[in-house]
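Enquirer: Listed in order, the protein sequences are those of chains A and B. Using the working numbering, the letters of the first sequence map in sequence onto residues 1 to 336. Using the working numbering, the letters of the second sequence map in sequence onto residues 1001 to 1567.
These are calculated hints, taken from the structure and not from any lab test. Some clues are possibly wrong.
Label pairs and their calculated CB-CB ranges [what the hints assert, rightly or not]:
| # | chain 1 | residue 1 | chain 2 | residue 2 | range |
| --- | --- | --- | --- | --- | --- |
| 1 | A | L26 | B | S1465 | 27 to 37 Å |
| 2 | B | R1345 | A | I17 | 43 to 53 Å |
| 3 | B | K1327 | A | V29 | 32 to 42 Å |
| 4 | B | E1384 | A | E54 | 49 to 59 Å |
| 5 | B | E1439 | A | V25 | 49 to 59 Å |
| 6 | A | D28 | B | S1465 | 22 to 32 Å |
| 7 | B | S1465 | A | V25 | 45 to 55 Å |
| 8 | A | Q41 | B | N1545 | 25 to 35 Å |
| 9 | A | E54 | B | S1465 | 19 to 29 Å |
| 10 | B | G1488 | A | R60 | 37 to 47 Å |
| 11 | A | Q41 | B | R1345 | 19 to 29 Å |
| 12 | A | R60 | B | E1091 | 48 to 58 Å |
| 13 | B | Q1296 | A | A164 | 19 to 29 Å |
Backbone N, C-alpha and C define an ideal beta-carbon position, used for all residues, glycine too.
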Amino acid sequence: MLVYTVRRVLSSIPILILASVLTFVLIDVSGDPLSDLRMQQPPPDPSVIQLAEERLYLDRSMPERYWLWMTGIGGHGDIGLLQGKFGPSTQSTTYDIGENLMMRLGTTLRLVGAAMVFAFGLAVIAGVVSAMRQYSKLDYSLTFIGFLALAMPVFWFAGIIQQAGVGFNELAGSMVFATIGDGQFQAQGLDFWGQIGNTFKYMTLPTIVLMLTSFASWSRYQRTSMLEVLNSDYVRLARAKGLPNRVVIRRHALRTALIPLTTVVAVGVAGVIDGAILTERVFQWRGLGEFFITAVEKNDSYALMAWLLLSGTMVIVANLIADLLYGVLDPRIRYE
Amino acid sequence: MHKRRKALALAAAGTSAVLALTACGGGGGSDEGGTKEVTWVINSLPSTWAAISSAGGSVYTVQMLSGVLPYTGQWQPDGTYEYDLTVLAEEPKVINDDLDAGPFQYSITLAEDAVWSDGTPMTGDDLRVTWMMGASPDEGYCTTCDPRSTTTADMIEKIEVDGKTATVTLKEGLADPEWMGMFDAHNVAGGFYPAHLAEENGWDIDDPDQLGEYYTWLHDTRPEFSGGPYMIVDGDLENQVVKEPNPEWFGEEPKLDRIIMTYNTDEGTFINAFQNGEIDGANPAQYSEDIVTQLQDMGEGVTLTIAEGNIWEHVDINLGNEFLKDKELRTAIFTAINRDQIAERNFGATYPEYELKNNHIFGSDSQYFEDHITESGQGSGDVEAATEILEEAGYEIEDGTLTLDGEQVGPFRLRSTDTVVRNNSLQLIQAQLNEIGIETTIELTDDLGTMLAERDYDIVQFGWSGTPYFATSAAQFWDSESESNFGGLANDDVDEAAEGSATALTLDEAAVKANEAVAAVVPEAYVLPIMAEPNYFFVNDRLANVQDNLQSSYRATYNIGEWDIAQ
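Turn these sequences into a full structure, and let the hints steer you where they fit.
Expert: If you want it as structure tokens, here you go:
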């Protein structure tokens, strides 16, 4: 498996390079990073624009810029992926793209982590229950909830959850749920229980939104997978041998039925980390989603490149993990 | 039954625990426990800790620094100008405005008791260092400074300092009718900066490289200094800043114990956050009919004001187009456009008091306002008059298509950015021009700057940001040499009046010239002002002395030192 892993990692490098070339070209032709500066009123002095062009390497050709962005050779010491530098930003002369990206990744992981754990747990339970009680009222109810959560636009759903939180607070006469912010500043100086309470206050609503949107699709996967397994010969055999239903479900059916879901979740989590944009926006968490939106708004091409690179890396790693999980969970699959 | 009771008891215990725990977490906008605290929204993230630079400078940075930077004066909400006589010993004086006798000179004297938060007295050096950082790199004072605007600073030849007094001398032959704005709340920095901190950190401000380092440090470092009623005690550029009273403040004692300025980029969250007590108010940059409606429906507990903002929308024509070179055609186009319909569609529902903009430079509340548009018939939507103009110029409308010598006129590319207001507007203009046989295709862009710079349009709608300082506006918009004169107008009368406005000795004289420029540009049918986009502001009624100031980038925070909790 080690050889397989190394081979997969190595084979992903050209994919990443190709992706980086494509995205660099696309971003480069999509707009002028200095368009906002040029539109300022009164217009800045030409020497200021020239300074900005030099700082952002816009005085060089596109291939030169790409080479610089990869290697940093010939730059001002602020660029070069191979040196761990993501390049200058249009947002300010002192904006460190790498540092900010990592900070934002941490925030997003904090938000996504809890949501994914809950979503996975709920999806497994709902999927299994739905499959075991196929066509029952409970199955229909869970199916309805799943489709409802799938169909609702995230920004709208998030707004509804926010309003529900406000309504609950009004009933409780206290701010149990906060609707904006990640609560990091509010956590300063609090004792252990205060920290727990603060985390609950700021994380609950966005976690519910992210959790339900992921739960919806995952529970459908789990239901389908479970139904397939429940109708398989070896489960029928287990039942015929007189094993209690609980044991059949837990030890024989569920384990096998989890395999497809696990791999879907592995890839899905990478998608959610990238795709928490709307949830982060509505709840004002400064995560990767906000990083991406700001980079687009400010025509910050190097920041966008960094985001896309991280995003691409996460998808590749998630796919690798999914493949490896197949091998771990299903003894019939072996990687040579 | 027993199980159910147990479950209920558990749920109740859980809820109590949650309530108890979350109560520990505190909340924004409260004045519990005797602490007078306010949470105010800044509508976007400030990119840097200083507002001078082109990359980081924005109204959000300026608002984040409210109550921290001292300044010499500012425009009030009613359009009058007031010097800050807490910071100043006396009103600044013009020493010489006779350019034949010598260079334009003025002096500023800071108050004797004016000190920074570390106790260091404010001096003329603070004004001097702010000027040097605000000048273009070509001036040679600062190697790496990249100020977002250098017009006023670059006019200055030197600043001589004598303790609390700074004497400013402009370059030979130059006059600045807006000289009082050099160090006021509306300048490129939003106030002025301390010089002594550069020295304390080992930088010589007279060394261009070292001044550049100080400039970078100011943009990169959370200010621990203050020359205003409040100082920043905590915060970052991602979430919020926390301000508390500056113990060394030499003016009237601020009323609040703490102000949290939280950055919120999504206006859609304002209502919930306001109802939840997480924010006390905001002065958003964009008008949102949806939010305004919700605030209007809220009724008690909130004060909402809507007024004409500084961004004004206008329709411009590219004179590089072979058809649009014809002034008569342009005049007919502008006459056919119905500005009232556009404003009504965009703002009528929530702001029926909207006003059409009838002067490119002055708002209707300005003492210098003169209506140059109404009489011209431009923007009236008078299809009959437009058709008449066209027919007199030899055009014909055949089967609903405008032709000249049998050839179709157009179609024209009608362009703008993809916003609700502009989308509505373009659709209406398209329909209005269709009535005089002109076919247009709507093309949206997300890169307005490039589109304008490359003149990649036939007819375009976009916005300019107005300011109480107007002297250079005409030159910027229409001077044949100006890079912002995107459509390529070249008119000697306009150039002369615009230059006269920029170099006038007094504001009154500049206003006369500015109005002359407007009067000369209207017959060109080159830029049609539509309306100023309204801005709204809302505040919790538990606060006192909070009001919007649309003359200033500081908006409602312009008088942050006077904010209080209502009794």
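Enquirer: For this structure, which hints from the list above don't hold up?
Expert: Of the numbered hints given earlier, those the structure breaks are 5, 7, 10, listed in rising order.
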